[in-house]
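Participant: Sequence:
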Amino acid sequence: MSISHYIKEIGRGTKGARSLSRTQACDLMGQVLDGKVSDLELGGFCIAMRFKGESAEELAGFLDATQQRLPVWPQAHKARPVVVIPSYNGSRKLANLTPLLAGLLAQKGLPVLVHGSHTEDKRLGTAEVWRQLGWTVIERPIALAPGDKVWMQTRHLLAPLDRLLQIRRQMGLRNPSHSIVKLLDPIHGSSTAQSGLVLASYTHPAYAQPMLQTLALRATSALLVRGTEGEAVAAPHREPVSTGVIAGEICFERSSLHSSQLASGTESSAPEQDLNAEQTARLTLDILNGQLPVPAPIAQQLEQIQALHQAMQVTDADAAASRAALQAYNRSPDCRSPD
1 MSISHYIKEI
11 GRGTKGARSL
21 SRTQACDLMG
31 QVLDGKVSDL
41 ELGGFCIAMR
51 FKGESAEELA
61 GFLDATQQRL
71 PVWPQAHKAR
81 PVVVIPSYNG
91 SRKLANLTPL
101 LAGLLAQKGL
111 PVLVHGSHTE
121 DKRLGTAEVW
131 RQLGWTVIER
141 PIALAPGDKV
151 WMQTRHLLAP
161 LDRLLQIRRQ
171 MGLRNPSHSI
181 VKLLDPIHGS
191 STAQSGLVLA
201 SYTHPAYAQP
211 MLQTLALRAT
221 SALLVRGTEG
231 EAVAAPHREP
241 VSTGVIAGEI
251 CFERSSLHSS
261 QLASGTESSA
271 PEQDLNAEQT
281 ARLTLDILNG
291 QLPVPAPIAQ
301 QLEQIQALHQ
311 AMQVTDADAA
321 ASRAALQAYN
331 RSPDCRSPD
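Numbering-wise, the UniProt record's numbering puts 55 at position 55 of the sequence shown, and it's gapless, one number per residue.
Zero decoy hints are in this set.
With a straight-line Cα cutoff of 20 angstroms, these simulated EDC-like cross-link-like pairs (lysine to aspartate or glutamate) come out: (1) Lys8 <-> Asp27; (2) Lys93 <-> Asp274; (3) Lys36 <-> Asp162; (4) Lys52 <-> Glu9; (5) Lys93 <-> Glu120; (6) Lys93 <-> Glu128.
To be clear, the hints were calculated from the coordinates, so they are not data collected in a lab.
Generate coordinates for the entire structure from the input sequences, incorporating the hints supplied.
Facilitator: Quick look at the structure:
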């Protein structure tokens, strides 16, 4: 087996490179994850994709291959859709509030899976805060009941995917695995599993449209936001640009708003910066216990997630009314597929 013929297509430079079909991308990524390519081919693939960038079709194919190799996720009795939060960047300066978002969602009775892998040593990773909080860490799929919140390292989710992520430490550059994990729904790893609600994020605006197109191609439900230092949680001082998606269809789109435009006096509740894991855990618990207010942008994000989560559970007969209710968050007229 070899991926050299694929590299020949994608590695011709910014003007000469051609995108792969979804089927070709699935085959390529399958070979990479199965360890059937040489180190030289793997490096060539990573560099070529870094220069070219992933098309929506390619990213959908990469996700197809990854999804086929995920373990089956068992469902709890009377299961509700699991909120899936990818956490791969951590925080550089702002407080890492991904655990706070997970905790707030669990308080609302939503099951939450946070998965991640630390690829940058100079950032505060979610796993470090999670350990300080003493919350559940799992190494294999378990049935998640309403109100459960768990952390899972990527190496336990799919070890070859984690190895692909760790190439960043050697090469100093991201590769398609970093896009894969931000759109991956581990809960939907088998045809019998219920889909999750993915909290996806991007850093650069140019990534938003291809990611939305990929969500449409795979009929994924998600809240796509411009991330906070790469994390899918809203910054405490600003509501991010966000798009709500149900089964691949866009149901609302929101522009960015400063916290002062959401509610008066919220800026004073913004957490301090440069907190370590212990300080961040203490801050998280203070907010969860009601000793400190929830920053307004995160409260708004929480409300959007709950609305999407509710819309995922309605019957076909009620679907139209449920999606119409999402228009309260929206400036566009109706649900639509991304162009």
